[in-house]
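S.K.: Given next are the chains, with one letter for each unit.
Number of protein chains: 2
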Amino acid sequence: MKTFNVQLDERSYPIYIGTSLLSQTELMTKHISHEHVFVISNEKVAPLYLDKVLNSFKNFKCGYHILPDGENHKNIDSMQAIYTSLIEKHYDRNTTLVALGGGVIGDLTGFAAATYQRGINFIQVPTTLLAQVDSSVGGKTGVNHPLGKNMIGSFYQPRCVIADLSTLKTLDGRELSAGVAEIIKYGLIRDPDFFSWLEKNIKKLIDRDPEALAYAVHRSCENKAQIVAEDELEKSGTRALLNFGHTFGHAIETSLGYGVWLHGEAVAYGMLMAMRLSVKQGWLTEHDYLRVRKLLDQANLPIKAPNNMLAEKFIQHMSVDKKVREGKLYLVLLKSIGEAILTAEFNSALLNETLDECCKS
Amino acid sequence: MKTFNVQLDERSYPIYIGTSLLSQTELMTKHISHEHVFVISNEKVAPLYLDKVLNSFKNFKCGYHILPDGENHKNIDSMQAIYTSLIEKHYDRNTTLVALGGGVIGDLTGFAAATYQRGINFIQVPTTLLAQVDSSVGGKTGVNHPLGKNMIGSFYQPRCVIADLSTLKTLDGRELSAGVAEIIKYGLIRDPDFFSWLEKNIKKLIDRDPEALAYAVHRSCENKAQIVAEDELEKSGTRALLNFGHTFGHAIETSLGYGVWLHGEAVAYGMLMAMRLSVKQGWLTEHDYLRVRKLLDQANLPIKAPNNMLAEKFIQHMSVDKKVREGKLYLVLLKSIGEAILTAEFNSALLNETLDECCKS
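From first to last, the protein sequence lines are chains C and X. Quick note, the first sequence lines up with residues -13 to 347 if you use our numbering. Quick note, the second sequence lines up with residues -13 to 347 if you use our numbering.
Any given hint could be a false lead.
One copy or any two copies: either way a pair holds, since identical chains are not told apart in the list.
Derived SDA-like pairs (lysine to any residue); straight-line CA-CA distance at most 25 Å [to be verified]:
{"#": "1", "residue 1": "346", "residue 2": "40"}
{"#": "2", "residue 1": "221", "residue 2": "141"}
{"#": "3", "residue 1": "-12", "residue 2": "58"}
{"#": "4", "residue 1": "221", "residue 2": "-6"}
{"#": "5", "residue 1": "44", "residue 2": "288"}
{"#": "6", "residue 1": "290", "residue 2": "63"}
{"#": "7", "residue 1": "221", "residue 2": "0"}
{"#": "8", "residue 1": "186", "residue 2": "293"}
{"#": "9", "residue 1": "75", "residue 2": "302"}
{"#": "10", "residue 1": "190", "residue 2": "292"}
{"#": "11", "residue 1": "155", "residue 2": "266"}
To be clear, the hints were calculated from the coordinates, so they are not data collected in a lab.
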């Protein structure tokens, strides 16, 4: 097992990465300061791992709430259902919530913890690759609004993150690839050596080679923890670089309807779009663009826009993105592989050209 | 104009108290760091003061959202309506929300600010006495759940509080008295000299004598600011003392339906119930209890339980209160006028006796 710390003063917390961690009872219980625990999971994950988790809490008052699976349930209605469950079953302020599932469960549970009785503790137990390398680390919590993804939420840090690599065995292939998209992102925005490693090891990763997976999760979490420690609340711009591909990606997700494309799939193609624009700006070489395109393709990620996606849809959805400030759209673009910038200083005609080309391809 | 600071390190902020403050444009604009402002108000307050506030923001992009009036609208549906309005009108993360109204508007607006795009700035402009002396100061934000009052929310501090005493002229008598209930509370829990002052000046206060009002608001805010600075997140127990009368009061509000009794009315009678129990415990003298009862009566506040309120209803609603920890109910009780304690060490038979007596009276 490897352990990292996300350094945030009194909000610091460890990320544990390893195999069979769910069987290590003490790993979870040592982060729970009172005897009330409430697990939130979904219909897909609960049959696989809920019993194992409940087993850790035999000596606790421990309940659970199971949500339907999917991004389209990451909304206010699910929040209200969680609150109702907690109140009806008399869970008080000393309760610790446990998020058992992928990014949707993690974001919902974190936001429930941030807002139930004005804030209670929570633990992240991510069971998808995407959640292990991205959403469970860093304290972004929230839900979608029908008009925009992640528009409602707060920054709220967990007490710990337990990334049990053994849970990845049951993950379906599409979900695995979606996680690889976020892993590739770290290489692209700040870690060129890791990107080279990924080019060499992508087949192993997709084949779930345990060593390759462990290395990729570990290196991704390390990158994420450094960024979050530097800019917890996305004030300085450093953390915003993590949104590489996300503004385009969110437009795809919102436009198609949440859950039609997986978040990681939308981000993968969003990164390609951002790189296309970066090439047009003269910042990135065509050669590097093609390297990334090839890698995404090898990872079974989309390298074409969704059918019927219109350039106007992108414009419409990108205009309500959280990256809009005072009417200006900020995008994360690449100067080279391993070097990203957050900027509003791009040529908007080139953006339109990019959207048109991508939608026609 | 008087100014206090709520001392909370980088979250510190001023409370301005005075007359005609809404006309002092600069007072508000100096706390707004970008050019986007969005005012949230209700159907009762907006016709009176919205134009005045908008006038301060002539040079800003400034919109507004008007909610129906009343505690029964302090819920998730109103939150969703605010989010929709903000997204549709393209208000971004650099927007400052302005809460123009009473406690309901302040709590909703604060929670919207805490959760829109993971947190934006907001300003409190309380227009009721209760909001000026209590809810607008200290960063408690949130909404009610059908099963419990204020069960959903977060701690989130405003950039400033502007308490314009001139707005109290239009307040109806019942609302004024509701505010006086919270003012009396400060005397009871920590400021015996202020309580004596209130006994002497209650008629002036109810008659809206400007000097008496100014003094009462000022002294109340001073008390509140000290408590909040000491225990922002209600961890040490100090801040919990502000909930004197609230556990009983919330049970009344939830049981009757939000808005049937005003919050301050429910708190007033809740304080009497807590004092009744304090007398039974042998902590408070009957004489002091009667002093308070008389003062509340002079302030036109309820000194009897609502008709048809059953002891069982209190038990049921108090068992889901935020003051329940690990199955134990904590209550704020009085040792004497000016000295409150948070305790689970009361005799539960005496609590039942108190509930029975109060419901039969």
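S.K.: Give a verdict on every hint.
M.R.: Here is how each hint holds up against the structure:
1. 346 - 40: Result: close neither inside a copy nor across copies, 50 Å intra and 46 Å inter.
2. 221 - 141: Cα proximity of residue 221 and residue 141: in one copy and across copies (12 Å, 20 Å).
3. -12 - 58: neither (34 Å within a copy, 50 Å between copies)
4. 221 - -6: both (15 Å within a copy, 20 Å between copies)
5. 44 - 288: Neither. Shortest intra-copy (44 Å) and inter-copy (48 Å) distances fail the 25 Å Cα cut-off.
6. 290 - 63: The answer is neither: 33 Å in one copy and 38 Å across copies each exceed 25 Å.
7. 221 - 0: both (23 Å within a copy, 23 Å between copies)
8. 186 - 293: Classified as neither; 31 Å inside a copy, 77 Å across copies.
9. 75 - 302: between (43 Å within a copy, 13 Å between copies)
10. 190 - 292: Cα proximity of residue 190 and residue 292: none, with 28 Å in one copy and 70 Å across.
11. 155 - 266: Close neither inside one copy (40 Å) nor across copies (63 Å); limit 25 Å.
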